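Enquirer: Those protein sequences? They're chains A and G, same order as listed. Residue numbers 1 to 388, in my numbering, belong to the letters of the first sequence in order. Residue numbers 1 to 253, in my numbering, belong to the letters of the second sequence in order.
Since the hints were made in silico from the structure, they are not lab data. Treat the hints with care, since some could be wrong.
[Unchecked claim] Here are the simulated EDC-like pairs of lysine to aspartate or glutamate, each with C-alpha atoms no more than 20 angstroms apart in a straight line:
1. G:K198 / A:E79
2. A:K193 / G:D149
3. G:K39 / A:E79
4. A:K193 / G:E193
5. A:K82 / G:D149
6. G:K132 / G:D149
7. G:K20 / G:E37
[Unchecked claim] Computed footprint of chain G on chain A, listed as stretches where at least three residues anywhere in the stretch have a Cβ under 8 angstroms from a Cβ of chain G:
8. 37-44
9. 116-126
10. 150-157
It should be emphasised that the depicted structure is a prediction, and the values quoted were computed from it without experimental measurement. Ideal placement from N, C-alpha and C gives every residue a C-beta, glycine not left out.
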Amino acid sequence: MIPLRNRANVSFWKLLAMLIAVAGAYATYIRIAHGLGGATNLNDQFPWGLWIGFDILCGVGLAAGGFTLAAAVHIFNIERYKPILRPAILTAFLGYLLVVLALMFDLGLPYRVWHPLVMWNPHSVMFEVGWCVTLYTTVLALEFVPVVFEQFRWTKALKAMRVILIPLVSLGVILSTLHQSSLGSLYLIVPEKLYALWYTPLLPVMFFVSAICAGLAMTIFESWQSSKAFGKHLELPLLSSIGRILAVALSVYLMMRFLDLWNRDALRLLLVRRSETYLFLLEFVLFLVPMLLLYRRRILNNPVALYGCAVLVLFGFVTNRLNVSVTGMEAASGVSYLPKWTEVAVTLAIVALGFTIFGLACKYLPIFGPETVVEGHGTPAPVPSEGD
Amino acid sequence: MPKGVLYDSTMCVGCRLCEKACAEHHDLPYNDDIAKEEKLSAHKLTAVTTHGDKFMRRFCMNCLSPTCVSVCPVAALRKSESGPVTYDASRCMGCRYCMFACPYQVPTYQWDSRLPVVKKCDMCADRVAAGKPTACAEACPTGATKFGDRDDLIAEARQRLATAATGQYYQKIYGLEEVGGTSMLLLAAEPFEELGVKVDLPHEPMPVLTWGVLSEIPSIVSIFGVLLGGVWWISHRKEEVAAAERAEREKKS
Chain A
1 MIPLRNRANV SFWKLLAMLI AVAGAYATYI RIAHGLGGAT NLNDQFPWGL
51 WIGFDILCGV GLAAGGFTLA AAVHIFNIER YKPILRPAIL TAFLGYLLVV
101 LALMFDLGLP YRVWHPLVMW NPHSVMFEVG WCVTLYTTVL ALEFVPVVFE
151 QFRWTKALKA MRVILIPLVS LGVILSTLHQ SSLGSLYLIV PEKLYALWYT
201 PLLPVMFFVS AICAGLAMTI FESWQSSKAF GKHLELPLLS SIGRILAVAL
251 SVYLMMRFLD LWNRDALRLL LVRRSETYLF LLEFVLFLVP MLLLYRRRIL
301 NNPVALYGCA VLVLFGFVTN RLNVSVTGME AASGVSYLPK WTEVAVTLAI
351 VALGFTIFGL ACKYLPIFGP ETVVEGHGTP APVPSEGD
Chain G
1 MPKGVLYDST MCVGCRLCEK ACAEHHDLPY NDDIAKEEKL SAHKLTAVTT
51 HGDKFMRRFC MNCLSPTCVS VCPVAALRKS ESGPVTYDAS RCMGCRYCMF
101 ACPYQVPTYQ WDSRLPVVKK CDMCADRVAA GKPTACAEAC PTGATKFGDR
151 DDLIAEARQR LATAATGQYY QKIYGLEEVG GTSMLLLAAE PFEELGVKVD
201 LPHEPMPVLT WGVLSEIPSI VSIFGVLLGG VWWISHRKEE VAAAERAERE
251 KKS
């Protein structure tokens with residue numbers, strides 16, 4: 001049940017979701033009826049836009065909480081993260097499904113999306129990306145399906161899943177590592193096009209580490225959102241410990257970025273007055289501020305502040321991916337790109353769809369294990385033991 | 001012998017007969033309006049560009065180690081022995097990575113089509129296979145565009161540079177080394193950047209950049225597999241030890 005105080009709020013979001021759905025449906029019609037030219041501001045000089053930069057690059061990155069937490073719980077055996085593993089797996093699974101959906105909009109001939117599986121070119125990063133998306137979406141489906149089995153009490157199927165769990169999780173971690181980094185590798189082929197603040201031979205590593213940051217931030221974000229929406233108890237000590245890990249991950253990432261710029265002698269570009277510089281600084285600040293804040297105990301123990309930091313990191317992450325895919329590519333392309341309203345509408349509709357399905361899944365499936373429900377007949381949330 | 005095309009800007013009069021012949025050979029429309037479009041597009045696979053009283057031609061450079069061939073996830077783009085970089089539309093799914101990656105911004109897309117494919121100059125692969133020159137070279141009335149064995153064309157270009165009067169040529173054969181060399185070679189009187197040709201390109205083939213990472217995948221998978229298995233073994237060993245210790249304590253008490 002939705003608590004009374006949230007009623008007005010919910011109807012506002014429902015109205016917004018409906019508006020977005022209508023706009024998205026109309027944009028979809030335009031995409032089908034008038035092709036990419038009618039639905040996007042893309043052209044021969046700028047063939048990749050918002051759908052690649054946000055829907056694909058950010059969608060995959062924001063799903064990184066799935067493999068990070070799966071590795072923490074099942075491989076590193078950190079049991080206390082278990083209560084937030086399922087929502088993270090659900091987010092990742094949904095994220096990947098939505099990435100595939102976005103791909104259907106962006107591909108010129110979407111009905112041939114399966115071609116890379118049979119027409120091989122191992123020299124292509126896009127080939128690797130295609131295989132990773134396919135395999136990891138399958139792995140995520142298998143990691144998620146026990147939740148459904150549990151709901152219908154199919155114990156035999158559950159037992160079978162338990163046997164393959166560790167190899168499956170390991171495979172998921174390997175595929176994620178490859179996939180997150182390969183999205184960065186896509187840009188290795190354009191050294192003379194991508195602006196030097198972002199182009200580095202280390203792009204795959206940068207994409208991987210920043211995806212881990214985004215995945216951790218997403219875990220905090222979705223736990224906070226679900227606790228608001230479903231009146232669930234917020235696992236603050238747990239989220240605080242994730243906040244700490246996030247602080248360290250951000251520090252590693254920013255140190256890598258700084259050293260990389262230093263070694264490539266690219267820091268001097270920060271003195272040049274052009275839009276790339278400002279958007280780079282925006283990205284950097286959006287990572288740096290939450291990093292500094294997250295080292296403070298007061299912030300870590302304050303749910304609102306923790307949530308705020310997570311949101312800043314998510315914005316920083318999105319800014320980074322859009323900087324690589326749009327900001328950094330514009331100068332060399334010779335044209336300026338701004339997405340058409342249809343591109344924005346499709347993107348918003350996909351995001352709204354994600355929120356809606358996540359909400360429905362939480363409502364009808366045991367996503368938050370019974371032990372985490374405070375209201376109702378569950379037992380209170382367990383106090384995580386110190387010194388794990 | 002790999003074939004090539006030598007375009008000598010100093011001999012070009014801008015008659016655009018190459019454009020017309022290209023359009024005819026590839027079944028594309030051609031008229032005065034299209035002639036005025038000085039850029040490549042899905043309906044214009046080669047374009048003559050004007051720079052004051054000088055001309056330059058735009059076409060696919062048909063690189064020796066083509067970026068587009070390496071990035072295409074479905075191997076729709078291929079480099080043939082004789083030089084042309086060909087495109088098989090029946091494999092293409094429309095990811096446009098070739099357009100994104102091409103250092104020369106050559107591949108173009110049918111943006112207004114519901115079932116679009118990529119369009120680009122293919123060095124008249126069918127004509128070359130039949131032993132004929134490219135349509136543009138055959139149509140050129142001044143010999144500015146010349147078709148032949150790439151090695152012969154290089155030798156001829158060198159000769160032109162060596163024997164020409166001072167100032168007639170900018171002393172460089174474009175396409176010898178750019179991104180590992182191209183089947184198309186250019187000569188001009190001015191520095192090439194003044195004619196809209198990209199000059200800041202590395203001399204190594206671009207596909208090396210991504211292959212360096214892609215070739216490591218088997219190692220990454222192996223190492224990560226062992227590492228994750230090992231971490232799992234260590235982290236769950238703790239439990240085994242704890243259980244054994246508990247059992248021992250219970251026995252004692």
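Enquirer: Confirm or reject each hint.
Expert: The hints, checked one at a time:
1. Restraint check for G:K198 and A:E79: the C-alpha separation of about 57 angstroms exceeds 20 angstroms, so the hint is violated.
2. The hinted pair formed by A:K193 and G:D149 fails the criterion: a straight-line CA distance of about 32 angstroms is larger than 20 angstroms.
3. Among the hinted pairs, G:K39 with A:E79 is inconsistent with the structure: their alpha-carbon atoms are about 61 angstroms apart, more than 20 angstroms.
4. Our distance criterion of 20 angstroms between C-alpha atoms is met by A:K193 and G:E193, whose separation comes to about 16 angstroms.
5. Between A:K82 and G:D149 the alpha-carbon distance is near 67 angstroms, which puts this suggested pair outside the 20 angstroms criterion.
6. With a C-alpha separation of about 12 angstroms, the suggested pair G:K132 and G:D149 falls inside the 20 angstroms cut-off, and the hint holds.
7. Between G:K20 and G:E37 the alpha-carbon distance is near 13 angstroms, which keeps this suggested pair within the 20 angstroms criterion.
8. Only residues whose beta carbon comes within less than 8 angstroms of a beta carbon in chain G count, and the segment 37-44 of chain A has 5; three or more means the coverage holds.
9. Closer than 8 angstroms: that is the beta-carbon criterion, and the segment 116-126 of chain A has 9 residues meeting it against chain G, so the requirement of 3 holds.
10. Proximity of the segment 150-157 of chain A to chain G, defined as three or more residues with a beta carbon under 8 angstroms from a beta carbon of that chain, is not established by the 0 residues found.
Checked against the numbered hints given earlier, the structure breaks hints 1, 2, 3, 5 and 10 and satisfies all the rest.
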